[in-house]
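Visitor: Each chain, letter by letter, is given below.
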Amino acid sequence: GCGTSAKEKNSADTQSAADQAVTEENTESTDDTQIRLGGLKGPTSMGMAKLIQDASNGESDLNIDFTLAASADELTPAFVQGNLDIMAVPSNLASVLYNKTEGKAQVLAVNTLGVLYIVDTGDSVKSLSDLKGKTIYATGQGATPEYSLKYLLKENGLDPENDVTIEWKSEPTEIVSEMAASSDEVVAMLPQPFVTVAQSQVEGLNVAVNLNDEWNALDNGSSLVTGVVVVRSDFAKEHPQLVSEFMDAYQASTEFANNHVEEVSTMIEALDIVKAPIAQKAIPQCNITYMEGSSMKDALGGYLEVLYEQNPASIGGALPADDFYYER
Amino acid sequence: MKDNRIGNHKTIWIERTAAIAAVLVVWEIAARMLDQKILLASPWDVLLAFGELLHTPEFYQAVAGSFLHIAQGFLLGLLVGSICAVISAKVHLIEILLWPYMAAVKAAPVASFIILCLVWLSPSGLSVFISFLIVVPVVYTNLLNGIRDLDPQMKEFAECFGIRPWKRLIGIDLPQLRPYIVSSFEIAIGMAWKAGIAAEVIGTPDRSIGKMLYHAKIYLATPELFAWTLLVIFISVLFEKAVTGLLKLGYQRLEYRI
Amino acid sequence: MKDNRIGNHKTIWIERTAAIAAVLVVWEIAARMLDQKILLASPWDVLLAFGELLHTPEFYQAVAGSFLHIAQGFLLGLLVGSICAVISAKVHLIEILLWPYMAAVKAAPVASFIILCLVWLSPSGLSVFISFLIVVPVVYTNLLNGIRDLDPQMKEFAECFGIRPWKRLIGIDLPQLRPYIVSSFEIAIGMAWKAGIAAEVIGTPDRSIGKMLYHAKIYLATPELFAWTLLVIFISVLFEKAVTGLLKLGYQRLEYRI
Amino acid sequence: MSIRLHNLDFNYKDQKVITNLSLEIADGGILCVMGESGCGKTTLLGILTGRLKPENGEIQGISGKRIGMVFQENRLLEEFSAESNILLGCDRGFYPLDGEDSRHWKKAEKRKHIDEHLKLVGLEEASKEKVKNLSGGMKRRVAIVRAMMSDCDILVMDEPFQGLDARNRRKAIEYIRRYKGDRTLLLVTHEKEDAERLGGVLFQMS
Amino acid sequence: MSIRLHNLDFNYKDQKVITNLSLEIADGGILCVMGESGCGKTTLLGILTGRLKPENGEIQGISGKRIGMVFQENRLLEEFSAESNILLGCDRGFYPLDGEDSRHWKKAEKRKHIDEHLKLVGLEEASKEKVKNLSGGMKRRVAIVRAMMSDCDILVMDEPFQGLDARNRRKAIEYIRRYKGDRTLLLVTHEKEDAERLGGVLFQMS
Ligand SMILES: Nc1ncnc2c1ncn2[C@@H]1O[C@H](COP(=O)(O)OP(=O)(O)OP(=O)(O)O)[C@@H](O)[C@H]1O
Ligand SMILES: Nc1ncnc2c1ncn2[C@@H]1O[C@H](COP(=O)(O)OP(=O)(O)OP(=O)(O)O)[C@@H](O)[C@H]1O
Ligand SMILES: [Mg+2]
Ligand SMILES: [Mg+2]
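Here the protein sequences line up with chains B, D, U, Y and R, keeping their order. Under the working numbering, think of the first position of the first sequence as 1, with each following residue one higher. Under the working numbering, think of the first position of the second sequence as 1, with each following residue one higher. Under the working numbering, think of the first position of the third sequence as 1, with each following residue one higher. Under the working numbering, think of the first position of the fourth sequence as 1, with each following residue one higher. Under the working numbering, think of the first position of the fifth sequence as 1, with each following residue one higher.
Because the hints were derived from the structure by calculation, they are not lab data. Where hints are given, some of them may not hold.
[To be verified] Here chain D is said to cover these stretches of chain B; the calculated rule only asks that three of the stretch's residues, wherever they fall, bring their Cβ under 8 angstroms from a Cβ of chain D: (1) 72 to 84; (2) 175 to 184.
[Claimed, not checked] Restricting the straight-line Cα-Cα distance to at most 20 angstroms, the calculated cross-link-like pairs of lysine-lysine (PhoX-like) are: (3) R/Lys110 to R/Lys130; (4) D/Lys155 to Y/Lys132; (5) U/Lys167 to Y/Lys130; (6) R/Lys128 to Y/Lys16; (7) R/Lys192 to D/Lys155; (8) R/Lys53 to R/Lys16; (9) R/Lys53 to R/Lys65; (10) Y/Lys192 to U/Lys167; (11) R/Lys192 to Y/Lys192; (12) U/Lys167 to U/Lys248; (13) R/Lys13 to Y/Lys128; (14) U/Lys155 to R/Lys132; (15) Y/Lys130 to Y/Lys107; (16) D/Lys90 to D/Lys167; (17) D/Lys155 to R/Lys110; (18) Y/Lys132 to R/Lys53; (19) R/Lys16 to Y/Lys128; (20) D/Lys167 to R/Lys13; (21) Y/Lys53 to R/Lys180; (22) Y/Lys130 to R/Lys13; (23) Y/Lys130 to U/Lys248.
This one's a predicted model, so the numbers in the text were calculated from it and none came from an experiment. Yeah, the Cβ is synthetic: ideal placement off N, Cα and C, and Gly gets one too.
Please model the entire structure based on the sequences and the hints provided.
Guide: In structure tokens:
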């Protein structure tokens, strides 16, 4: 989905930027530069389904070329090379990109809060403190899920090393089969949409704890931020108007997703993000949101600090400076 | 002597079917013992899933798409691998210069260079390239060792009688290289499929088995996952038999090309 | 004739170093042309990253851990592959019964059976198993084709003179199988590392190169990623040279075992 | 027990090679087979050594007998020394050539004896040389010594003297006569003289 | 131009094989080399065909000459028919054996001519048979025909008659005499008689 070479594009961009200066007073934008948008299969892309659908139907002024990837491996090189302008990625990757490109990436908005849940085949877990002495099956060792879980356990007075046993698994499937097979109670931490997938496979699977709520309960201004929307800072500089329009459209799109779950689920399936039935069940629990400006800075900044304390490498070695947080 | 390995064609296919039946029995028993449908689907469930797949048009598109890419990767790898082997056998300098690349291609984990690949390649190009990369060292190494093992006495004969390169290849070198070529094909085709589908699982290009397999996997649709996997094995076996069959035919005709 | 391929030991290592230097030049040029540090680190950056790695104790633990597991997988694969090949060459029934498994092992994408593996195996066991799986078909196919290509005249001689199996192996079969064995080793060792590290990237066992590589990758620490990758290639080359060196030594001694 | 062939027939697919052949060789006797090229001499030896199964006919007196053979094409291990070739050929044991018992011989002793025998056919310096570096006639003599030294009941030689000059031929014949012991010897040759020198029974194939 | 060797020395590593050998062969002449097994006959042929480089000495009259050779070990393609073997050997062209011009021959014509020549050495039925199914002496004759039919200036034969019975040996000699044309012939043999029959100059090596 990213065919045109960067150079050609740039000269066209400067041209349209000049046009834009002339017609600044117009309410209608004349900047019809194509936005090359990237997203990953999974919750972080769900919020933009409507936006993409509208753009492709011509119901919006935005000209969007959307690339959906199964892994960040596909998006990162395209973004770094200037073949993607905006993309929705995990929050720590945004920070890593900012650090590794020396500020060439800026975050526009937070688009997904926590998607991690403690699930339970029994009913003995109602809150995080109930986890004491339990074995928790989980995925995401060495990545944000691990850091988030450990942080939350600590904040709730549990020592992640001694009070609980965390069994790290490589694949959610392993955990689901463990739950399906075991007659004993199994407690696990799973991300969406795997919680939903697992519920379809394991009878009587309870969602015991929403880690997002637990994080918010700490009330320190930060949030468990799963996904953000990043923009190439060069692109943002050249097309502030367009970016602003995009942000508006994006906000509307997330609101639409949260309010019209059924409708957006079919769009999500059409975009090949996940299947509609799964999306329909998962969306209410994916904490799709839209935050920009200072609220974004508080939520994300605090979260990145938590990650930084546990493993600086996970956010690219340093806390991003203020210019990381885009303001319009 | 060299022909008896192919055996009677009809018998061998009957035997193979029997062997597959034996595998199915083992599999059914294992599935019952484990009794976890998510982990190990039973042959029957897989058959049902397969039957359903057959009714979707995506099935045929996926098969055609993957076949096209992987066959392309295999043929490219075969070409590059054999050309490099032939030149390396003749020119020591080239062999030495190629050496670090071959070592890297053989041992470098795909995870390490996948990002670099995706800079230049589309997801479907990735599967061509990754299967190409697995085929090259197999063909190169086997062929180079085969060429080195060529009988020097026959080489001397060819030089003495002034036999031209093409005829020499047909009459003297190819017959001696036969087991090395067969071996390369038998290893490389299977591995090209393995690697190519793995690349598709990463890049999930449209119309590919890898994408379907990926979806089956994340949705825990184990019978489908197994059905796709068996399909991959099946196509790879068919492809291998077709290629080695062609090879055998080619060898039978070799004498008339002298 | 068979020895000249090894060439003068000193010269060949000088040549190889020169070839590596040539690669570094190509790499540096490519890195400058692409000019994206995240995608392609320059040799110099990688060297620095490597220097830093050398100072951490994790480095040595990772190298030792991965080496242990992959070497184990290779040796197991070698053992199983060659035993299966020898038996298959003798007993047609076994060959046929093994056929579906070999086809599956060769072509089945790792993604398809990884979960099944993870249920029974620890993350480090996974890397043993996956490298084992890649070695088996390489050794099996090459050896089986080699055995089939054994000179029937020498077989007849051995039978006529009543030579015992062990002596026959040493004096008659092994010398003829040499290029097939060398080929198997050269392909299998590199691939065992490739596959083993890939498995470590999935299972991320503690004290493994794969885990380090995975983290370097997801956090876009490209110089480190490249440093680990080069290390894998380097160790695999060393391992290969050690094994083929031992093999050569073994072959030199073969005559005294008659 | 003497070797007897009775009314033997042998075909390669549709080509009749041997028809209605009958033959008897006394125990310890020498039979020299002669005949035109392609008449079936090597085939006959193949039948006698059990490698080829005849279409019809009876064979007596060879089952269970150990055979030492000089093949028409040498069949030596080219990468090994002459000595090692013979050592391998005598894996079953050494024929008590000078009446000695070889069972307790160490490897060094075996090699020493082999060297001595190689000397007897004029290969004093060749014993440590790789066979591939020997001349055609030298290889032939190594093959003869290998068959002679191996512990066997029947010696079968397919044109053992081919490629040998007159002097070495005589030497080799002398060597065989001297060390044949009480083994039965079946030998293919194109020279009546050889047969006469060996004192064997002549059998003309057609 | 005649072939001349002057003060030739040849060693294999430390082993002196040929010392101070001088020799002249007239253009179109026949030289029969004789000598004990291992005296260096095959080595000498190797020098003459350019495969081996002598230590010292001069060689004249062979550079640029095309060679047709009967090797001591046949060196035939065992999996192919006798006919195909000869066809491959004559890839360079056919010697105008009966004075015909072979350049315009189609493949079928070539095969027909090869068949005729195989008949001349008594291989009427063997032409389509795989060489591995032929008897030792039959293979030898295929090798002789291959060298004879190939378009060359010098014929080099290393014990071409080994393994042939008296009748086939005579036939082969007759064949060579008849079709040698004006090519120079270098031949190794252990039989004086062969040399006499061919009417060649005898050269005794030591
Ligand atoms: N494996 C085989 N398959 C088919 N035919 C064969 C085979 N071996 C030999 N023959 C044929 O059988 C006949 C006899 O062959 P054999 O080797 O016994 O001859 P021979 O008497 O030993 O001849 P020579 O003196 O030339 O060695 C020949 O016509 C040959 O073509
Ligand atoms: N490749 C080689 N390396 C070392 N020595 C060799 C090699 N080839 C031949 N020789 C030695 O050179 C000597 C002459 O060998 P050559 O083959 O020329 O003998 P020949 O006269 O052809 O004997 P024959 O009649 O037995 O064929 C022999 O002592 C042999 O051992
Ligand atoms: Mg014979
Ligand atoms: Mg010779």
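Visitor: Decide, hint by hint, whether the structure agrees.
Guide: Verification of the supplied hints:
With 6 residues having a beta carbon nearer than 8 angstroms to a beta carbon of chain D, the stretch 72 to 84 of chain B meets the requirement of three or more and the stated coverage holds. Given as covered by chain D, the stretch 175 to 184 of chain B passes the check, having 4 residues with a CB less than 8 angstroms from a CB of that chain where 3 are the minimum. This hinted pair checks out: R/Lys110 and R/Lys130 have alpha carbons roughly 18 angstroms apart, not beyond 20 angstroms. In summary, the hint linking D/Lys155 to Y/Lys132 is supported, as the alpha carbons are separated by about 16 angstroms, within the 20 angstroms threshold.
A hinted pair counts as satisfied when its Cα atoms are at most 20 angstroms apart, and U/Lys167 with Y/Lys130 qualifies at roughly 18 angstroms. Taking the CA atoms of R/Lys128 and Y/Lys16, the gap is near 17 angstroms; set against the 20 angstroms cutoff, the hint holds. Annotation: proposed proximity of R/Lys192 to D/Lys155 is violated, straight-line Cα distance about 32 angstroms (limit 20 angstroms). For the hint pairing R/Lys53 with R/Lys16, the CA-to-CA distance comes to about 14 angstroms; that is within 20 angstroms, so the pair holds.
Distance check on the hinted pair: R/Lys53 and R/Lys65 sit about 16 angstroms apart at the alpha-carbon level, within 20 angstroms; holds. At roughly 39 angstroms between alpha-carbon atoms, Y/Lys192 and U/Lys167 are farther apart than 20 angstroms, so this suggested pair is violated. Straight-line distance between C-alpha atoms of R/Lys192 and Y/Lys192 comes to about 17 angstroms, which keeps the hinted pair within the 20 angstroms bound. Distance restraint check for U/Lys167 and U/Lys248: the Cα-Cα separation of roughly 19 angstroms lies within the 20 angstroms cut-off, and the hinted pair is therefore satisfied.
Taking the CA atoms of R/Lys13 and Y/Lys128, the gap is about 15 angstroms. The hint holds against a cut of 20 angstroms. Among the hinted pairs, U/Lys155 with R/Lys132 is consistent with the structure: their alpha-carbon atoms are about 16 angstroms apart, no more than 20 angstroms. Between Y/Lys130 and Y/Lys107 the alpha-carbon distance is near 19 angstroms, which keeps this suggested pair within the 20 angstroms criterion. Between the alpha carbons of D/Lys90 and D/Lys167 the distance comes to roughly 18 angstroms, so the proposed pair stays at or under 20 angstroms and holds.
Straight-line distance between C-alpha atoms of D/Lys155 and R/Lys110 comes to about 24 angstroms, which puts the hinted pair past the 20 angstroms bound. The hinted pair formed by Y/Lys132 and R/Lys53 meets the criterion: a straight-line CA distance of about 19 angstroms does not exceed 20 angstroms. Our distance criterion of 20 angstroms between C-alpha atoms is met by R/Lys16 and Y/Lys128, whose separation comes to about 17 angstroms. The straight-line distance between the Cα atoms of D/Lys167 and R/Lys13 is roughly 35 angstroms, outside the 20 angstroms bound, and the hint therefore fails.
Among the hinted pairs, Y/Lys53 with R/Lys180 is inconsistent with the structure: their alpha-carbon atoms are about 43 angstroms apart, more than 20 angstroms. A C-alpha spacing of about 14 angstroms is found between Y/Lys130 and R/Lys13, which places the hinted pair at or below 20 angstroms, so the restraint holds. In summary, the hint linking Y/Lys130 to U/Lys248 is supported, as the alpha carbons are separated by about 18 angstroms, within the 20 angstroms threshold.
Taken one by one, the earlier hints fail for this structure at numbers 7, 10, 17, 20 and 21, listed in ascending order.
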